[in-house]
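Put together the whole structure using the sequences plus the hints.
Chains as they are written, first to last, in the numbering used here: chain G, 444 to 791; chain R, 79 to 451; chain P, 14 to 347.
Treat the hints with care, since some could be wrong.
Said to hold, decoys possible - Far from chain R, by Cβ distances over 10 Å, these chain G residues were calculated:
hint: 1; residue: Ala-479
hint: 2; residue: Met-513
hint: 3; residue: Val-523
hint: 4; residue: Ile-534
hint: 5; residue: Tyr-537
hint: 6; residue: Arg-552
hint: 7; residue: Glu-561
hint: 8; residue: Asn-568
hint: 9; residue: Leu-585
hint: 10; residue: Val-598
hint: 11; residue: Gly-613
hint: 12; residue: Gln-619
hint: 13; residue: Val-620
hint: 14; residue: Ile-696
hint: 15; residue: Phe-739
hint: 16; residue: Val-761
Unchecked claim - Chain P regions said to be covered by chain R (calculated; three or more residues, Cβ under 8 Å):
hint: 17; segment: 235 to 246
hint: 18; segment: 262 to 268
Just so you know, the hints here were simulated from the structure itself, not pulled from any lab data.
Just so it is clear, CB atoms sit at the ideal spot from N, CA and C, and this is done for glycine as well.
Residue-level listing of the chains:
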Amino acid sequence: MPTTPSSQNRSGPESAPETPADAPDGHAPLLGRKAARIDRLAELMGHREEGDHGAGVWRTAFARMRRSPMAITGAVIVVVFLVVALFSPLIAPYSPTSQAWGAEVFPNRNVFVGPRAENWLGLDNLGRDQFSRMVIGARQTLLVGVVATLVGFGVGALLGGAAGAASVLGGRWGRQVDNLVMRVIDMMLALPTLLLAVTIAALVGSSLTTVMIAVGVAQVPIFARLLRGAMLSQGSRDYVLAARALGVRKHRIALVHILPNSLGPVIVQSTLTLATAIIDAAALSYLGLGNPDPAFPEWGTMLADAQRFLSSAPQLAVYPALAIIVTALGFTLLGEAMREALDPKLRK
Amino acid sequence: MSSSTPLLAVDELSVVFRGRGSDEVRAVDGVSFTLEEGRVTGLVGESGCGKSVTSLALMGLLPDRGVEVGGSAVMRLPEGRADLLKLSQRRMRDLRGSQMAMIFQDPLSSLNPVVPIGRQVTEILRRHRGMRGPAAGKEAAELLNRVGIPDPDRRLREYPHQLSGGMRQRALIAMAVACRPKVMIADEPTTALDVTIQAQILELLRDLVTEEGTALLMITHDLGVVAGLCDDINVLYAGRAVEKAPRAPLFSGPTHPYTVGLLGSIPRLDAPRGEPLTPIRGSINDNIAWSQGCAFAPRCDHYTMECLQGPPALVAAGTAAGADARGPDGGSGGNPATAHVHRCVNPLRRADTADRSAPENPAAAGEDEEAQG
Amino acid sequence: MLRFIVRRLLQLIPTLGGLSILLFVWLQRLPGGPEYALLPDDATAEQRAALRRSLGLDEPITVQYLAFLRRILQGDLGTSLNTGRSVTEEFFTRFPATFELGFTAMLIAVAAGVPLGYLAARRRGTVLDFAAVGGSLLGICTPVFFLAFILKVVFAERLGLFPSAFRLSPGMNRTDLTGFVVLDGLRTGEFDVVWDALLHLVLPGLALASIPLAVIVRMTRASVLEVLGEDYVRTANAKGLHRNTVRTRHVMRNAMLPVVTAVGLLTGSLFAGAVLTESVFAFPGIGSFVYAATQGRDYPVLTGFILLIATMYVLINLLVDISYSLLDPRVRAQ
Chain G
444 MPTTPSSQNR SGPESAPETP ADAPDGHAPL LGRKAARIDR LAELMGHREE GDHGAGVWRT
504 AFARMRRSPM AITGAVIVVV FLVVALFSPL IAPYSPTSQA WGAEVFPNRN VFVGPRAENW
564 LGLDNLGRDQ FSRMVIGARQ TLLVGVVATL VGFGVGALLG GAAGAASVLG GRWGRQVDNL
624 VMRVIDMMLA LPTLLLAVTI AALVGSSLTT VMIAVGVAQV PIFARLLRGA MLSQGSRDYV
684 LAARALGVRK HRIALVHILP NSLGPVIVQS TLTLATAIID AAALSYLGLG NPDPAFPEWG
744 TMLADAQRFL SSAPQLAVYP ALAIIVTALG FTLLGEAMRE ALDPKLRK
Chain R
79 MSSSTPLLAV DELSVVFRGR GSDEVRAVDG VSFTLEEGRV TGLVGESGCG KSVTSLALMG
139 LLPDRGVEVG GSAVMRLPEG RADLLKLSQR RMRDLRGSQM AMIFQDPLSS LNPVVPIGRQ
199 VTEILRRHRG MRGPAAGKEA AELLNRVGIP DPDRRLREYP HQLSGGMRQR ALIAMAVACR
259 PKVMIADEPT TALDVTIQAQ ILELLRDLVT EEGTALLMIT HDLGVVAGLC DDINVLYAGR
319 AVEKAPRAPL FSGPTHPYTV GLLGSIPRLD APRGEPLTPI RGSINDNIAW SQGCAFAPRC
379 DHYTMECLQG PPALVAAGTA AGADARGPDG GSGGNPATAH VHRCVNPLRR ADTADRSAPE
439 NPAAAGEDEE AQG
Chain P
14 MLRFIVRRLL QLIPTLGGLS ILLFVWLQRL PGGPEYALLP DDATAEQRAA LRRSLGLDEP
74 ITVQYLAFLR RILQGDLGTS LNTGRSVTEE FFTRFPATFE LGFTAMLIAV AAGVPLGYLA
134 ARRRGTVLDF AAVGGSLLGI CTPVFFLAFI LKVVFAERLG LFPSAFRLSP GMNRTDLTGF
194 VVLDGLRTGE FDVVWDALLH LVLPGLALAS IPLAVIVRMT RASVLEVLGE DYVRTANAKG
254 LHRNTVRTRH VMRNAMLPVV TAVGLLTGSL FAGAVLTESV FAFPGIGSFV YAATQGRDYP
314 VLTGFILLIA TMYVLINLLV DISYSLLDPR VRAQ
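Written out as structure tokens, the structure is:
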């Protein structure tokens, strides 16, 4: 809204008084004075020329986020995590599976090796380099988070988008489709995220894929409801009515007009879901439904495995736990800051 | 100054908002006016000109942090005169509702949706008049009856969403008059209402003023409301009064280009067919700081170089030409409340005003002025 | 009001019906079919066929579904593979423990979360607000089972302030009336039992409360911030009402509406949290039983648990809807 009046105003003061100057009767000194007057006005108003009018919703949101300590903290954590995860084979000094120091660790006799020069974070219960496992684990954790989020986003957005579009544009029949889809979604919502994941994990057996699918599917109802809700609220806006009145085809309205305007909350949710996925994956590992393959260390599995030694070697659990908490916090902070920046109620 | 002290004298009121890290915003920048018993004073201007902030500052309802209020607002209270802006929060709480009351713009959002109307009326009776139980209920019903709500006993049990818009505003007015306050502030009380209901509400306010002798501060952007209700009018622009006058002179001979513009923006039934309206271009955001010149200059068709050379002063408007009435204090004599003053170095004359159609050469008047000066 | 409740109850039928179909399909799809779950891995083909017949698995799928539905409606959730006892019975005996734990956690979450959220909103931008928001984000991001372990190691094992496992100290004599230890203790006057049981509830209660607490703090804060900006709060202040009146009648009554809904939704996830928490503290409730079931792939227990949770969730949300309509006259009108 702020765009329309301002663009017209900015030109207003300059152009309007200028019109008489073009008139034939205007003589030189008068013209000069007029110009000076306009210059003076422009000078006084100048500092506000480049306001935040006209910038898109995302641009202003980004500008707000750059000033938010929450967003900056979150972004820094996320970037560090991404760098570590993507370049983990280059960063990790040793193989995560090599039990090169196996002879130094005796869990049954409570003999563990803490941080030292060659192993920065010490050794795990099988004599493997903890630091290398943590670094490689970052990549697995990222994989779980991203794939789970993609599954949740993809399926959820498809269901929610279809329901929303049907409800807004499909008339009577469409509302029934919407009703049906939302009943199913409600049923899924009746099951807590974690239990849904447990169910799926129990169904397909435990593996990394299971964890990713299970955690992802558990997020489906959230995405679906969110997108549908946003689409319904967009669908009742006047611009949709205008597009319909102009005879724009329905699927075009849904895809070109409603959908892009409804994606904001869903994108924010994706960031938050990455955090949830990492935490839920850890819980699944604890329940014994995680990745059983020791060749691919994953923070959740590492944490679950290390619980056994919590009294004697708490560091084994604390490292992966801190990594999970900090990473999840990073994504959460970023998502929350994004949500705040996009919230029209807070945008003034 | 004159015979008796006014009920409420607002002098150089200023409100500055300071956000964290961001620039300060001078929402109200030196506004002065007085309220008298039984009189209606109008604050007129576009949204954003500082009129609502003025009322909230007087009521002490601005947030505690990030706001700086300056100037004074001396009110005559039962136990002596006091500056409302310097009273403690606790003291202000005692005064609000009992000595001064406020009616807000949107009656639906101004009523608590989950509390019955009756409770919302009796709570103020309980707070300020110590009434309890059936006595409070009876008084509440009488109040609703007084503001013209039929079947008050039933309405008291209902919730805001069950009432019509006009009825909600009447309920709010009932709460405002519950303790017979001396000062009542109405912040755009009719904006959210249908036009027929608007007239009824204005009528009701007028009656309350004449019957109770309440001083009413009417805040509005609607010159129709002003014409029908207000005795004295202050036109605000960007936090300062640009013209103040009693009703008759203001409507018959407005001198500030902004006032003229406001009047020109109203469609008139008696205007010849096809005559275009003369709106004020731009928005209130296109202004310059008062310290550097006239804030209205960017939107004004009559601005001169002089308008941009520092803050214009509030001077008496000459009835004849306006041009020669410039000076530190116009001093046309008489009661300040009835004086016609404006804040303009290049005011309009009667002739300009009369000619409502867009001036052929908008800058002409300004040029003449400049040539003389 | 009664019509409202009846209507809401009728709306439950399709939800629960759909859920039973989902569960039925799930059971069908179990690796190798349901008979695998019931037979040892080395069972012969004849044994399998016999079991399939005895379970009615050779019947048409609709008949099977109806039989399944009838069993569920009769409260028959099958037999636990781990304990060999009826799942329904196992749940019944363990329910009081989980209820006490869940109630404690919710009590902690609401009692601490609402005031904290309110204060954070009131003092927005201060250290307190920052700590409340930061703390609740941290709470959401901490895996519940890890928090439970940390609490156990630090407060039970290292500092010895609280017991580290079970509902009661060993050797504690109590009269069992209903299975609810605290309630029974209060009724029989065995206050040493009550105290002991409460001590046992502290650590698991705190661990389980972490996520609801975090959610309630943030929810209350956001809701209060929104309400504080509402016109009717300004009206209440303009009426000169006392601070307390404005706070309770005008701010909190409205701000609590979304929080009530959140509490309902959180109750469902409390059960999931109970699985993680109870197992850490060897708390003899449904949660630790289900934890054992996930370890041993005890499918009848898992199915029963899902059904139990779904029913609880639906019923709790019915309660939430009813209380919501009591709190908000606008909902009642619809």
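Should the label of G/Phe-739 as a non-interface residue stand, given a Cβ cut-off of 10 Å to chain R?
-> It holds; G/Phe-739 is separated from chain R by about 46 Å at its closest Cβ, greater than 10 Å.
Cβ separation check - G/Val-598 to all of chain R, threshold 10 Å | 38 Å, holds
Classify the label on G/Gln-619 as holds or violated, using whether its beta-carbon is more than 10 Å from each beta-carbon of chain R.
-> 30 Å, holds
Report holds if the minimum CB distance from G/Val-620 to chain R is greater than 10 Å, and violated otherwise.
-> 32 Å, holds
With d taken as the least Cβ-Cβ distance between G/Val-523 and chain R, does d exceed 10 Å?
-> Holds, because the least Cβ-Cβ distance between G/Val-523 and chain R comes to about 27 Å, which exceeds 10 Å.
10 Å Cβ clearance of G/Ala-479 from chain R | 7 Å, violated
Is it correct that the beta-carbon of G/Gly-613 has no partner in chain R closer than or equal to 10 Å?
-> At roughly 31 Å from the nearest Cβ of chain R, G/Gly-613 sits farther out than 10 Å, so the non-interface label holds.
Measuring Cβ to Cβ, find out whether G/Tyr-537 lies farther than 10 Å from everything in chain R.
-> Non-interface label stands for G/Tyr-537: nearest chain R Cβ at 47 Å, farther than 10 Å.
Mind verifying the non-interface call on G/Met-513? Its CB should be farther than 10 Å from each CB in chain R.
-> 14 Å, holds
Separation of G/Ile-534 from chain R, once the least beta-carbon distance is taken, above 10 Å | Holds, because the least Cβ-Cβ distance between G/Ile-534 and chain R comes to about 38 Å, which exceeds 10 Å.
Any Cβ of chain R at or closer than 10 Å to G/Ile-696, or is the non-interface label fine?
-> Consistent with the label, G/Ile-696 stays out of reach of chain R, its closest Cβ about 32 Å off (over 10 Å).
Taking the closest pair, is the beta carbon of G/Glu-561 still more than 10 Å from chain R?
-> 48 Å, holds
Hint check: a violation occurs at hint 1 only; the rest are consistent with the structure.
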